[in-house]
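Produce the complete structure using the sequences and hints provided.
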Amino acid sequence: AQKVTQAQTEISVVEKEDVTLDCVYETRDTTYYLFWYKQPPSGELVFLIRRNSFDEQNEISGRYSWNFQKSTSSFNFTITASQVVDSAVYFCALIGGTSYGKLTFGQGTILTVHP
Amino acid sequence: GAGVSQSPSNKVTEKGKDVELRCDPISGHTALYWYRQSLGQGLEFLIYFQGNSAPDKSGLPSDRFSAERTGGSVSTLTIQRTQQEDSAVYLCASSLGINSPLHFGNGTRLTVT
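Order-wise, the sequence lines are chains W and H.
The first sequence begins at 1 in my numbering and counts up by one.
The second sequence begins at 116 in my numbering and counts up by one.
None of these hints come from the bench; they were simulated from the model.
The reader is advised that the hints may include incorrect statements.
Derived DSSO-like pairs: lysine-lysine, alpha-carbon spacing no greater than 27 Å straight-line [unchecked claim]:
{"hint": "1", "chain 1": "H", "residue 1": "LYS130", "chain 2": "W", "residue 2": "LYS38"}
{"hint": "2", "chain 1": "H", "residue 1": "LYS172", "chain 2": "H", "residue 2": "LYS132"}
{"hint": "3", "chain 1": "H", "residue 1": "LYS172", "chain 2": "H", "residue 2": "LYS126"}
{"hint": "4", "chain 1": "W", "residue 1": "LYS102", "chain 2": "W", "residue 2": "LYS16"}
{"hint": "5", "chain 1": "H", "residue 1": "LYS130", "chain 2": "H", "residue 2": "LYS172"}
{"hint": "6", "chain 1": "W", "residue 1": "LYS102", "chain 2": "H", "residue 2": "LYS172"}
{"hint": "7", "chain 1": "W", "residue 1": "LYS3", "chain 2": "H", "residue 2": "LYS172"}
{"hint": "8", "chain 1": "W", "residue 1": "LYS16", "chain 2": "W", "residue 2": "LYS38"}
{"hint": "9", "chain 1": "W", "residue 1": "LYS3", "chain 2": "W", "residue 2": "LYS70"}
To give a feel for the contact side, a few chain W residues facing chain H, derived at Cβ under 8 Å [as the list claims (entries may be wrong)]:
{"hint": "10", "residue": "ALA88"}
{"hint": "11", "residue": "PHE91"}
{"hint": "12", "residue": "ILE95"}
Stretches of chain W that chain H covers, calculated by requiring three or more beta carbons in the stretch to come under 8 Å of a beta carbon on chain H [said to hold, decoys possible]:
{"hint": "13", "region": "29-43"}
{"hint": "14", "region": "102-113"}
The model shown is predicted, which means the values in this text are computed figures rather than measured ones.
C-beta atoms are modelled at their ideal positions from N, C-alpha and C, and glycine is treated no differently.
This is how it looks when you write it as structure tokens:
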């Protein structure tokens, strides 16, 4: 069985603060893929990043960065200098190597950035 | 390019009626998925089509739910004899293949009264 846990239900920050969204996963597969998606108020799920289980290199894309640590089964997401437009629900998700494309989602973290 | 297109965007139906939800995936994407998003259950996998293979229906909650994909492109999700617990946002996604990022449509918000 696979499981993704996002322990933070809601986070509220003030603009320009840094914020980290936590994600912990469980899988028995040795090959797997981790994802982050953003769901703004408009409702559409927007793909942000995919990492495979063999690549633990951290990644930075503009104000976004991701920290993948297999030792703790975590794939955390940090937004630096947050902006109001970052307000959304963020989902962490997992595809196991034997899941053939079926994403298992966490419950999501609601991020609110106040001006 | 065009993204995943879903119709209708909103659907209100009476309990016991049948509904059909449509999904037009991104051109060239061989994999198509249906998910359901509701307040109590989060995002749930429903069904997955990959090329010409038999679909993975393991997420369908009951035999009232069915889906088909014609010509490897457009998909229709059908819910028969709708119940109030079917109220949710039904999301369609497509991808280039298994384990590739899923690209989601805007969803169909279904309300069963």
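Of the hints given before, which are not true for this structure?
-> Failing hints, ascending: 1, 4 and 10.
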